[in-house]
Amino acid sequence: MTEAILRQIINYAHRADPYPLYEELRKTPVYHDADGPFVLSRYYDIQSLLHDPRISSDARNLKTPATANPLAAEADDETALPPSFLRLDPPEHDRLRRMTNRPFGPPHSPRRVHEMHGELKDIVSGLIDGIDNPDRIDLVDQFSYPFPVTVICRLLGVPREDEARFHSWADTIAASLDPDPGADTDERAKVSHNARTELGMYLAGLIEERRKKPGADMLSQLSTAGGPDGVMTTMEVLSTAALLLIAGHETTVNLITNGMLTLLRNPDVLERLRKDPNLAVPVVEELLRFEPPVQLVPQRTTLTDIEVRGVTIPKGASLWLVLAAGNRDPDRFEDPDRFDPDRGDIQHLGFGSGIHSCFGAPLARLEAQLALSELARRLENPRLLEDPPPYRQNAVLRGPRHLPIACDGIRP
Amino acid sequence: MSVDGSLDRLKREGRIVVVGASLAGLRAAETLREKGFAGSLTMIGDEPYEPYDRPPLSKQVLLGRATADRTGLPRLRAVDAQWRLGVPATGLDMAARRVRLADGDEVEYDRLLIATGVRARPWPQEDEAELDGVFVLRTRDDAEALERSLAQGPRRVLVIGAGFTGSEIASACRERGIAVTVAERADAPLVGALGGVVGEVAAELQRKHGVDLRCGVMVTRLEGDSAGHVRAAHFSDGSTVEADVVIVSLGAQRNTEWLAGSGLGAGLRGIACDAGCRAFDIRGIVTDDIYVAGDVARSPHPLFGYQFLSLEHWGNAVAQAETAAHNMLSESADRRPHIWVPAFWSSQFGVNIKSVGVPSMGTEILIAQGSRSEHRFTGVYGYQGRVIGAVTFDQTKWLQFYQQLIETTAPFPPAFPTVDRRPEGQQPIPADFPDPSVPTHGPTVTLSGYAPDDRRLTFTPARH
Ligand SMILES: Cc1cc2nc3c(=O)[nH]c(=O)nc-3n(C[C@H](O)[C@H](O)[C@H](O)COP(=O)(O)OP(=O)(O)OC[C@H]3O[C@@H](n4cnc5c(N)ncnc54)[C@H](O)[C@@H]3O)c2cc1C
Ligand code: HEM
Chain A
1 MTEAILRQII
11 NYAHRADPYP
21 LYEELRKTPV
31 YHDADGPFVL
41 SRYYDIQSLL
51 HDPRISSDAR
61 NLKTPATANP
71 LAAEADDETA
81 LPPSFLRLDP
91 PEHDRLRRMT
101 NRPFGPPHSP
111 RRVHEMHGEL
121 KDIVSGLIDG
131 IDNPDRIDLV
141 DQFSYPFPVT
151 VICRLLGVPR
161 EDEARFHSWA
171 DTIAASLDPD
181 PGADTDERAK
191 VSHNARTELG
201 MYLAGLIEER
211 RKKPGADMLS
221 QLSTAGGPDG
231 VMTTMEVLST
241 AALLLIAGHE
251 TTVNLITNGM
261 LTLLRNPDVL
271 ERLRKDPNLA
281 VPVVEELLRF
291 EPPVQLVPQR
301 TTLTDIEVRG
311 VTIPKGASLW
321 LVLAAGNRDP
331 DRFEDPDRFD
341 PDRGDIQHLG
351 FGSGIHSCFG
361 APLARLEAQL
371 ALSELARRLE
381 NPRLLEDPPP
391 YRQNAVLRGP
401 RHLPIACDGI
411 RP
Chain B
1 MSVDGSLDRL
11 KREGRIVVVG
21 ASLAGLRAAE
31 TLREKGFAGS
41 LTMIGDEPYE
51 PYDRPPLSKQ
61 VLLGRATADR
71 TGLPRLRAVD
81 AQWRLGVPAT
91 GLDMAARRVR
101 LADGDEVEYD
111 RLLIATGVRA
121 RPWPQEDEAE
131 LDGVFVLRTR
141 DDAEALERSL
151 AQGPRRVLVI
161 GAGFTGSEIA
171 SACRERGIAV
181 TVAERADAPL
191 VGALGGVVGE
201 VAAELQRKHG
211 VDLRCGVMVT
221 RLEGDSAGHV
231 RAAHFSDGST
241 VEADVVIVSL
251 GAQRNTEWLA
261 GSGLGAGLRG
271 IACDAGCRAF
281 DIRGIVTDDI
291 YVAGDVARSP
301 HPLFGYQFLS
311 LEHWGNAVAQ
321 AETAAHNMLS
331 ESADRRPHIW
341 VPAFWSSQFG
351 VNIKSVGVPS
361 MGTEILIAQG
371 SRSEHRFTGV
381 YGYQGRVIGA
391 VTFDQTKWLQ
401 FYQQLIETTA
411 PFPPAFPTVD
421 RRPEGQQPIP
431 ADFPDPSVPT
441 HGPTVTLSGY
451 APDDRRLTFT
461 PARH
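Protein chains in written order, with UniProt numbering: chain A, 1 to 412; chain B, 1 to 464.
Just chain B, with the same shape it has in the complex:
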């Protein structure tokens, strides 16, 4: 083992602290125990609940098919930890290796894993955000409250933002027979993640299912009634929609404020880490005792030119947590890189959408199989002459093949025939992603440049 036996000691009697007790936190804890970590493990989470699963919150839970309190994550093994739930971490002292908690407590660590994820971006006008009937959807509590108000049969629901979550919410509402308006700044739903060519199909799906979809507009103001309940929304095109439930679905913000001033490379874009999940400090030097995993992390990926990727993907959180846990307990030579190929799924309007790779890097798309008008197809994204991503609508079984093309940096457009190639699949067309300099609120993969710490963005001045 290690020359000085310090790794053995860490495994035997070390102290590992995990901040963020959700998907990544839990899977990391399980992996640590599986790898024989016998020391003390502390799980710090600001939510009062044991780790639960978020994907069902916008699907089964909103349909009333499962209740929010039944979404607990399955435990893969016992973790034997001290759980500090309902208490946020408020600060980090890197030199003293200490995490400060909101209740004044401090917890010391030998290794720290940060998995604080993201939260829903709130409606920017605070007074409007506080109106009754205005929701965001990220947590169990959010889902429970939203489901309750949907069950009361609102006359109309307005969803602001047609990314994956917003679209899934609209789908659930339609399935419950509730009138829905969706407002989207871009020209179609899902364009941030999948581009305009596929976004058009998503728009068709929404309209076919009776969604009042309004693209190319922004909601400028939410209006309440005298009792403080939302009653209408005003749009940038001058129109007004009356709605008694409004869901703000404008993407996510990284939970990194608690690290402000700590010296860690943490900021609006998340926490930069190396491929081995070790966090960078603000000087761009990699730490050896602080690890990052899940939605809050941004890490370089060899398949995508070593750009830093921020992935809000369930599978990424699991894989990165496992790698972080493994590396925490390993000598440098035994460490593994986190080279998970991004993969995402969504179900909406009766369609199973899955993607692999980084479609949003694509400049062109080829509809390799099936047809957009039938809402069943496989789209392959190309970037600089190679395959960079793929998406399927109800054609999940082919995705594995295109993932192999991505992993082997196969040339784009693919030069071979396939089954189910239609006339529209003869030529690639521009994938039609919005100008990357215009912020969108839907992409679940964000390329955030080459530098481990983007100084302009990561220096968030301490606010408390």
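Isolated chain A (complex conformation):
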């Protein structure tokens, strides 16, 4: 039975509700099948492996190169760019992450995210104002999708007049991460490759400009700011910018969409949120536990033989850390399958943990809090038109492809 479980998880038929499969998976805490990866699904095991210095994020340490990893849908077309810090170990990881953090977070830029508050709110308001037909709204296409791309544009400092082009590249790349089984894959790959190349060239040009005439945006600061770690090379800035775009896009789309879906399935919480926007803080944390946008981290490998619960995982093995299964581990969370923003202790794995824990977390939280509290406040009597909604193919970055909803009207 367990033999097929990974295949079942990948199987699209289970996309809407993989949680019973995860429960099954947790019964074999270190799951391994033939040539497949070692799969970890218990909260404490995942948490401790994410803090284990014998574990590497660098694919060069894999015994067998990760070819066509069915879940690692993150495109490997980054070939032209050096690996981003997501795929590097210390000290390179630390150096690049520190340099990226300089213009983004404390201690050097403690106010950056906070200061985006007004701008984020305007974007959210603009998108909700733009909803013309309250009888049929696709929350994904009309709201969740455009929002994070616009945010990344503003963060990086993409000029307003170029935002539309940026959106279309991002859409193409995102679509390639989620291949439709019926589509012409070669054609898809070509389109996506072109989009990447164009985006790369566009960013390279922008970096060139910002080197000459720096502004207050992140791209300027990444290309020019010289801290104790020096300045990034153009290639490093490029791969970092691409990382911010990709890591911060689909994930945030899913968080907002999963969020609205979950709220519509829990109308009492939705009603409370409508009355009290501050509830957005625990709601978003509980969402990151209950429906994490990144279901599993598929790119870790062992630098040496390690033992977990009596099982030896050999050096160079591929590890999958199933965050979404750990988040529902009854050893860690009481009544784990209940969506309950009032649980006092929501130390979820939704953003990972350890040195690779989500770099964009403060921004992602703010985006989701604003989006959900505004949607709750402004949509009058919202309801789901389809439950479950149609999901995307991707089992790692799991979320609805469309979320058809209706409401009685839009409040001002």
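Keep in mind the hints are simulated off the structure, nothing from the lab. Predicted, not measured: the structure shown is a model, and the values here were computed from it. Hints should not be assumed to be uniformly reliable.
[Claimed, not checked] Only some residues are given here: those of chain A computed to face chain B with a beta carbon under 7 Å: (1) Asp52; (2) Asp89; (3) Thr304; (4) Gly354; (5) Ile355.
[Claimed, not checked] Straight-line alpha carbon distances no greater than 30 Å define the calculated DSBU-like cross-link-like pairs of lysine-lysine that follow: (6) A:Lys275 - A:Lys121; (7) B:Lys11 - B:Lys59; (8) A:Lys27 - B:Lys397; (9) B:Lys397 - A:Lys315; (10) A:Lys190 - A:Lys212; (11) A:Lys27 - A:Lys121; (12) A:Lys63 - B:Lys397; (13) A:Lys315 - A:Lys63.
[Said to hold, decoys possible] Derived CB-CB ranges, DEER-like: (14) B:Leu63 - A:Asn278: 29 to 39 Å; (15) A:Tyr44 - B:Gly284: 34 to 44 Å; (16) B:Leu63 - A:Lys275: 34 to 44 Å; (17) A:Asn381 - B:Phe416: 20 to 30 Å; (18) A:Gly130 - B:Gly177: 47 to 57 Å; (19) A:Tyr44 - B:Glu130: 53 to 63 Å; (20) A:Ala406 - B:Phe416: 54 to 64 Å; (21) B:Ala66 - A:Tyr44: 50 to 60 Å; (22) B:Ser347 - A:Gly205: 36 to 46 Å.
Virtual Cβ for every residue (Gly too), placed ideally from N, Cα, C.
Place chain B with the ligands on chain A using the hints.
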């Protein structure tokens, strides 16, 4: 519940007295109420303030980023107690179960928690200690006075003693652009707590930030001007440093004098208690109604060969207070041992330092990750072939892993590769702790032997 119902009665209408109204005292009181204690609770504290937090005193407060009166500890729940603040306890009558107060009052208890902590060791020459401009740093008042004098822009500050507190003070001064000299008897800062190998990095950090660091010297004399303000310090190497502010940072003394003659096992090294936080009397017999927690306690730890540990650590005070409170209200079978793994943090010169376990027990150190010259590394301490402690400089996220190695008494040196292993991390080297028989003034973990009452030291003759 208990056979004779006495525990129920204690919970319902008992009298619990807490002496020492700071971190440990407050957290214990909160835990008692949380566990359903409905009787009377008296909090006795000699400071006039509600419980406040000390770590910010040498950090944010000295930087002028927070004021000393804003360091009140967050309340986790209401405690509904009688607060006797500004009144020291002066004596204990164990037989009559009574605490004597300085104002002549006496308070009776069914259970007593002692959490009187430590105080700053003063400069030994009293007349010199009384000069204007000479400070210690332990309390809110100390911090306020020191901050005020730093704000006036002294020409030079002298810090005597480069333990954690002294180093943090020097760091704050440099951040405010004030010239600082640090005098340290050992060969480097922090050696008492972390050893010479790591102390060297601390020394480099200080010098890089412009501290005039002088190691291997002692301050022999403080000199005042005609107005009674300190103006200079004389060193054992014959040199002199002119300074208008001097901070004496020579470690701590346990607040146990008030127990002299009481029959409790209390002395210079603190109050010995068992792993369940129950105090020993001077005969080495454990009491059943007197509990100890926080900086003043010394208790045996199973992970460290049941040696008695004295920990001046924030996290220890909280954990021990919770355990003491739990045990006060429990039958013997339900009691819990206090087996908190020591953990400490400090921030200085822009670096986050954290340690777990007992580095000072270590004889060897392996720089398992990162590099000392980059001031970012993880050092692992070994003792008799096992991992006994670890320290990180700006690598906090790895510490949890090494804590697990300590808890599982993993072999030292760790035999596996890790990310970020550098050439310097191939071999362990001697950790270079000073001779333990020479007293140092920085270690925040002190191993104080095996005996619950060290007779030579704990019999402090009554002085008043
Ligand atoms: C400047 C400074 C910085 C620090 N930084 C850190 C840090 O970064 N990390 C860390 O882990 N730890 C740090 N510490 C240590 C931490 O603050 C202590 O471990 C903690 O305060 C211990 O709490 P406690 O309640 O046991 O003792 P204390 O806080 O010392 O409290 C004891 C209380 O009892 C009172 N008292 C004493 N005698 C009597 C009596 N006879 N009658 C009535 N009351 C009495 C005292 O006045 C005091 O209020 C720092 C300490 C200081 C001073
Ligand atoms: C809801 C939204 C998001 C979720 C659920 C999420 C989740 C995650 C997770 C699980 C990781 C860890 C990957 C690993 O351990 O290998 C990660 C890393 C990362 N995330 Fe996010 N993320 C979100 C939004 C964002 C945003 C908005 C940004 C950018 C602004 C961002 C940037 C990054 C980066 C750069 C990393 C790599 C960190 C490193 O390797 O050190 N993320 N994210």
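Query raised in the report: Checked against the structure, which of the hints given earlier come out wrong?
Result: 7, 10, 11, 17 and 21
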